[in-house]
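**Q** Dock chain B against the given chain A, drawing on the hints supplied.
These are the residues of each chain, in order.
Protein chains: 2
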Amino acid sequence: MNVKILLKLVLVGSCLAWPPVQRPAYSGSQEVQPAPNGIKMPKNYRDWRIIATSHRLDNNTLRIIYGNDTAIEAARAGHTNPWPDGTIIAKTVWKDATLPAWEKAVVPGEFVHVEFMVKDAARWASTGGWGFARWKGRDRQPYGKDASFVQECFACHTPMKDNDYVFTHPVSLP
Amino acid sequence: MNVKILLKLVLVGSCLAWPPVQRPAYSGSQEVQPAPNGIKMPKNYRDWRIIATSHRLDNNTLRIIYGNDTAIEAARAGHTNPWPDGTIIAKTVWKDATLPAWEKAVVPGEFVHVEFMVKDAARWASTGGWGFARWKGRDRQPYGKDASFVQECFACHTPMKDNDYVFTHPVSLP
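Top to bottom, those sequences are chains A and B. The first sequence begins at 2 in the numbering used here and counts up by one. The second sequence begins at 2 in the numbering used here and counts up by one.
This is chain A alone, in the form it adopts within the complex:
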């Protein structure tokens, strides 16, 4: 084979293969104990993109809602009723706090928990197509004694049935 052609082939081939493809989701953490229903904490959720925020006045907590690539694509396309299989929505919850230098604002204080809704219509058919999981506190203890904990999650989300069981309305960032 002509050396020039060989060089070109190697160059193109190596460029196509490198760097390794970044998979959008679901790399489960090995460090944190799985939820009682088998859901693993997604490893890379800290890097997910924004879906919304909320401030609950009944229990004085601030929340950021964010999602994996499937969730973000669905949110931006308006395909959220239902959300597609593969969607993972994350919600991180903090107690209300105030900064001494800025008393007019409520800001995130003590970390409460991080929780996830994982869409897999077949696997989680009995709970609206969603798998639920929550890890409490900075030591990320799984919520729930056994897999039946999801009944509590699902009961709370049932009033949102017409919105595919999701409270959050994604924001649009102009």
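You can take every hint at face value.
Computed spacing ranges between beta-carbons, pair by pair:
1. L58/A x G79/B: 28 to 34 angstroms
2. E32/A x E153/B: 44 to 50 angstroms
3. D140/B x K137/A: 39 to 45 angstroms
4. A122/A x C157/B: 46 to 52 angstroms
5. G39/A x T99/B: 33 to 39 angstroms
6. D140/B x A123/A: 41 to 47 angstroms
7. G29/A x N60/B: 37 to 43 angstroms
8. A102/A x D48/B: 29 to 35 angstroms
9. D140/A x K105/B: 27 to 33 angstroms
For the record, the hints were derived by calculation from the structure and aren't laboratory data. Computed from a prediction, not measured in an experiment: that's the story for all the values here. The beta-carbon is built from N, C-alpha and C at its ideal position, and this holds for glycine as well.
**A** Showing chain B alone in chain A's frame:
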């Protein structure tokens, strides 16, 4: 030169050079008018990662604060006093709203504006090393009649001088 060595050099070289390095910031939007001080709206800010949220009770707005890669790396490493050159912090602001199905929570309503703090200690030396910019409304109109608008921004941020003029304390996501 030996062909094998040549091949290796080409392979290594092409991998290092491809894909083109993703610069952490600053791809300015061509569609939106720049701020009066010349700052362009960062094109890709919708994809930036989370720094914090806040709820201002004095003007009833919810906010998400997020940042470019330089900002996120600095926040996670605790290198935020001062934030490094190249940092861009974004804040998106919405009016308070309530969902009919979830009255106990305040959620993002009407979009108000998106604003940015751009760290360049030399360029913006007269305003604490920060360039300020804001775009109002869904049509993203630049805020300020001329470049002097930044005096208003800087005056508001001056009480936070000991925190590098930044109100936000980054959250840590366990």
